[in-house]
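Protein chains in written order, with the numbering used here: chain Z, 1 to 336; chain F, 1 to 263.
Worth flagging that the hints you see were computed from the coordinates, not collected in a lab. For glycine and all other residues, C-beta sits at the position ideal for the given N, C-alpha and C. Keep in mind that a hint or two might mislead.
Here chain F is said to cover these stretches of chain Z; the calculated rule only asks that three of the stretch's residues, wherever they fall, bring their Cβ under 8 Å from a Cβ of chain F [to be verified]:
| no. | region |
| --- | --- |
| 1 | 164 to 174 |
| 2 | 207 to 219 |
| 3 | 223 to 229 |
Within a straight-line C-alpha distance of at most 35 Å, the following computed DSBU-like cross-link-like pairs (lysine-lysine) qualify [to be verified]:
| no. | chain 1 | residue 1 | chain 2 | residue 2 |
| --- | --- | --- | --- | --- |
| 4 | Z | 229 | F | 163 |
| 5 | F | 129 | Z | 229 |
| 6 | F | 22 | F | 263 |
| 7 | F | 163 | F | 129 |
| 8 | Z | 229 | F | 121 |
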Amino acid sequence: MNARKVSSASQLAWQLSLLLSLMVLAGALLGSEGWAVSSLQADIALMTDIRLPRTLGACLAGALLGLAGAVAQGLFRNPLADPYLLGSASGASLGVALGMVMLSQLDVSPWLVRAGVTGMAFMGAWLAVALSLMLSWGVQHTLRLLLAGVVVGVVLGAIASLLLVMYPQIQGSVQSFMLGSTAYVSWSACGLMLSVLIVSGLVSYAASPLLDGLALGESTALSLGLPVKSLRWVLLAVLALCTAAAVAQTGLIAFVGLAAPHLVRARYKGIHGKTLSLSCLMGAVLLGGADLLARGLMAPLELPVGVLTAILGGGYMLYLMRGMSPKSSGGRGGRA
Amino acid sequence: MNANSAVVLSAQHVSVLHDDFKAVNDVSITLRAGEWIALVGPNGAGKSSLLKALAGLTLPSGEVSLLGQPWASWHRRERAQTLAWLGQAEAGQDDLTVYDVAMLGRLPHQSWLASPTEQDKAVVEVALKTVQAWEWRTRSLGQLSGGERQRVLLARALAVQAKVYLMDEPLAGVDVPHQADWLEWVRCLTEQGAAVVSVLHELNLALQADSLWVMAEGRLVHSGLPNDPATHQALSMVFQNRLQWLEWQGDVEGLTRWVALPK
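Could you build the full structure based on these sequences and the hints that come with them?
Right, here's the structure in full:
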């Protein structure tokens, strides 16, 4: 029995890995001139300096969001939880808006502006999560934490909007951030995201028995001898770090963190140690695929990848709602 | 159950506060090895709160000791190996398989992130076969009915191989044949020396226990044998005298049992 279950998890892992490899290859070969493969004529520098880091960056950001989404859904025992639920998206937007306001006053190089804005987005996302934790007095009460996240998200979002009204010159840059884009991901950003992914992946795997225990309720998790409070802090740190790292590099990418764990669970049911890893791969495939579509659908015009994930994610949510029709909701098939 | 059996769990003057409300008020109990106690009382009597306090899931005032040692002196893992908890079904993610859920019962015995040993697998197989869930061990929890799910959760508790089992409404949604099975499992556990405390709403099942603890308004109002008229009186009192008692010559010769029906 166990062998069948493991093979199903490993089968899915192999399929996703294969798909991911093909995507990275396609992402390196395909340019903004459309879907024609132009590897023979393409400038090697163009491929290695722009296309490859961008494609890998999209996959890495997707993997981070997939992992964060799986952690959030396990930790909050809510299939609708997503990586941004503790206010990190609004925090990152406010960070970007503040960064743009400050840097627009100075005469600095565009590279420095980009680096500064990335750093501010990262800090904004982190600080928003820290603020949610402070307002909820820790991690003990998950509902209070979720409500604090909603409040922080709304308030920080409102402050960011206020800045946009006061400084109209930053509107373009902030809006581009909020739409999400993988166009500016560099090799150094890839390195950063890969480091965060490796650390977060290992830490969340080590803490995954807590998520299995929590699936049966907090009392059961405690009765199994799990250090619930400390592991909850660890997983929240993973959630905040993954989300902040992804958002800082690619802006607000919608639905990847929500949809990746759902898509995994539709194919594989089992312990969180495996679903976390598979959600990483699924997130990478989703955002990598969305990046390819964003570049290729209306080439040479490039669509903001966040818009594409929002449209595709909205479609997926409609599909979920279809599964919750009165006919099927009597059973438990409402969830993917 | 032997009155001289070792005390495995005891509580002295335990109270549990929920905000300003005293859910459990100055309760003292003793549980011996090989004993099955049915904890009964009307809704809101404080049964689940007492059970959680005994399981160390809430911090009560008063003293709770497991195997003679106060709670605070127990290491988390050793405590989890000694005392198994089966709570009321809590809503959650249903993506774990039946086998995974039962294997969680072995967590207190495993090193962190270690793969299950052959012994773990054997114990889980026995637990799942005991509750007749082995055949559908690859199904996810979400695909099960309420009663099937409850049996799997029971298998998870059995897999702990604990000395003390605390079960909060273990028979909620379980059909009659599996209720009868559950009675057998409990007797089997107590014969092996384990002690069981179960919150039960079905009084006629509770009356088959070794002893009953009767609770009302946070207090333990009576503790006694199922055939004792004082127990019946206490039960009638806490249930607003809405019980009628019928004597029944039970399945064991010479043993008179009682049946409580609502009136």
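**Hints the structure fails to honour** = 1
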